[in-house]
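Q: So you can see what is in the structure, the chains are spelled out below.
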Amino acid sequence: MAQALRKTPLYDLHRDLGAKLTEFAGYEMPVQYGLGILGEHQHTRTKAGLFDVSHMGQVILRGRSYQETALALEKLLPTDVLGLEAGRQRYGFLTTNSGGIFDDLMFSNRGDHIFIVLNAACKNSDIKHLKSLLEPEILVEEVLNRALIALQGPASETVLGELNPQVKNMKFMDVETLLVSGVECWISRSGYTGEDGFEISIPATDAESVTRNILLNENVELIGLGARDSLRLEAGLCLYGHDINQATTPVEASLNWAIQKVRRANGERAGGFIGSKIILKQLDEGTERKRVGFLPQTRAPMREGVEVFETERSKDRIGIITSGGYGPTVGHPVAMGYIDSKYAQNKNNLFGELRGKRVPVKVSKIPFVPLNFKR
Amino acid sequence: MKFTEEHEWLRIEGDIVVVGITEHASTQLGDVVFVELPEEGLMVSKDDEIVVIESVKAASDILAPLDGEIIEINEALSDEPSKVNEDPMGDAWFFKMKPSDPSQVEDYMTEDEYNKLIS
Numbered sequence: 001m002a003q004a005l006r007k008t009p010l011y012d013l014h015r016d017l018g019a020k021l022t023e024f025a026g027y028e029m030p031v032q033y034g035l036g037i038l039g040e041h042q043h044t045r046t047k048a049g050l051f052d053v054s055h056m057g058q059v060i061l062r063g064r065s066y067q068e069t070a071l072a073l074e075k076l077l078p079t080d081v082l083g084l085e086a087g088r089q090r091y092g093f094l095t096t097n098s099g100g101i102f103d104d105l106m107f108s109n110r111g112d113h114i115f116i117v118l119n120a121a122c123k124n125s126d127i128k129h130l131k132s133l134l135e136p137e138i139l140v141e142e143v144l145n146r147a148l149i150a151l152q153g154p155a156s157e158t159v160l161g162e163l164n165p166q167v168k169n170m171k172f173m174d175v176e177t178l179l180v181s182g183v184e185c186w187i188s189r190s191g192y193t194g195e196d197g198f199e200i201s202i203p204a205t206d207a208e209s210v211t212r213n214i215l216l217n218e219n220v221e222l223i224g225l226g227a228r229d230s231l232r233l234e235a236g237l238c239l240y241g242h243d244i245n246q247a248t249t250p251v252e253a254s255l256n257w258a259i260q261k262v263r264r265a266n267g268e269r270a271g272g273f274i275g276s277k278i279i280l281k282q283l284d285e286g287t288e289r290k291r292v293g294f295l296p297q298t299r300a301p302m303r304e305g306v307e308v309f310e311t312e313r314s315k316d317r318i319g320i321i322t323s324g325g326y327g328p329t330v331g332h333p334v335a336m337g338y339i340d341s342k343y344a345q346n347k348n349n350l351f352g353e354l355r356g357k358r359v360p361v362k363v364s365k366i367p368f369v370p371l372n373f374k375r
Numbered sequence: 001m002k003f004t005e006e007h008e009w010l011r012i013e014g015d016i017v018v019v020g021i022t023e024h025a026s027t028q029l030g031d032v033v034f035v036e037l038p039e040e041g042l043m044v045s046k047d048d049e050i051v052v053i054e055s056v057k058a059a060s061d062i063l064a065p066l067d068g069e070i071i072e073i074n075e076a077l078s079d080e081p082s083k084v085n086e087d088p089m090g091d092a093w094f095f096k097m098k099p100s101d102p103s104q105v106e107d108y109m110t111e112d113e114y115n116k117l118i119s
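Residue numbers (the working numbering), protein chains in the order written: chain A, 1 to 375; chain B, 1 to 119.
These are calculated hints, taken from the structure and not from any lab test. Each hint can be trusted.
Restraint ranges, calculated between C-beta atoms of paired labels, are given here:
hint, chain 1, residue 1, chain 2, residue 2, range
1, A, S314, B, I71, 34 to 44 angstroms
2, B, I71, A, L216, 49 to 59 angstroms
3, B, E72, A, K374, 47 to 57 angstroms
Interface residues of chain B toward chain A, partial, derived using beta-carbon atoms under 7 angstroms:
hint, residue
4, G30
5, D31
6, V33
7, F34
8, E54
9, V56
Each computed PhoX-like pair below joins lysine-lysine, with the alpha-carbon atoms no more than 25 angstroms apart:
hint, chain 1, residue 1, chain 2, residue 2
10, A, K7, B, K57
11, B, K46, A, K357
12, B, K57, A, K357
Ideal Cβ placement from N, Cα and C applies to all residues, glycine included.
With the hints as constraints, model all of the structure from the sequences given.
A: Have a look at this one:
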């Protein structure tokens, strides 16, 4: 029997405000609202967009101290958890024995515990993974009674600042507990669009009223998953299950920047995480393929699955697109994917195979748009 | 005017047929960002995939509704694909064709029948 779709605490609000709903990771989620995907994308880049991301996993890890919890978690990921200051957030990924990515995540040091935000589609397996592999002293608690929203775009600070001026003091990747419309919210200055903005965890019972208060600001529009995807693609951010998965390693995925020195060979806490042997070796020696950006040279979008070749006639593919589509801010198709590392710096035309035709495409730097974080 | 189950409209102008997609189809597609048209002079068979439309969401094909020759394409759509959303029933026609068997047109729906299909 098919399982009933889950609803977020903001489901009624979506219905009320004209969302077009779709199934995503077992939830009934808004894919777009009245503005449409293009309009929502542009609105987020120029003003502020509000996203319901309550389907994502929110998890608290709690040991006797932050230090104990951090050291336990460091066995599951190649990230510097111990060195993260209180009130700060960091990007990381759980790894597999073969060096692949089990899931990517955000974690923050909230003083005496670690707060994690996980991908919706992976959260159940992630929680199992955490529970089975962390020492029994570390409690793994899924936060089921809070919604999660993201406010993204250049007007975000002004919008949220009207409800609590203290948010203006936060910098990119800061986390704080602050009142918004009288409700205690867990706020981080981060997001998945390449824009400045905030992610706000709200008690489920107050989620709709807080969200409606934010929406009262004329600069804010609700944004669906459709524009969320084109925004993150232009920003060069990976989508788990597409650009990264258990068969891609962090080094292949060009995520070396998220593996801090302290966890690398000769670091103070080198290795000691799942798959470390392979990942440390790859950091040292490089990999045969690498995640890069791709810029199609015609107006035809190149989407996930398009194969990349060196010439119009060559037989063996040298790369594959893992995410792609039209970039509304770029005004042109954009994509990312993997390529044979020999070609990662290639400046010449390569060819993507679209409907049996070889269409020129170039390797490109990512992100495709400037990142507007408040550092 | 005639309508296909593939949400195309056919406007008969003498011995040529103008083809586009319906308002309903353009709404369902979402914002159109790319249109690839066939070449003028191409001989096509009914149900050949001859146009590719890409919206922000996905790619879809448009089929030749009739056997015949493509005699004109709407090149303006290549530069301004968004016209497909703005005026699908008018300015954003895709191609004109000269059917080799004009009676094939009779197989398609009237406007009333089409409206019933999408209601």
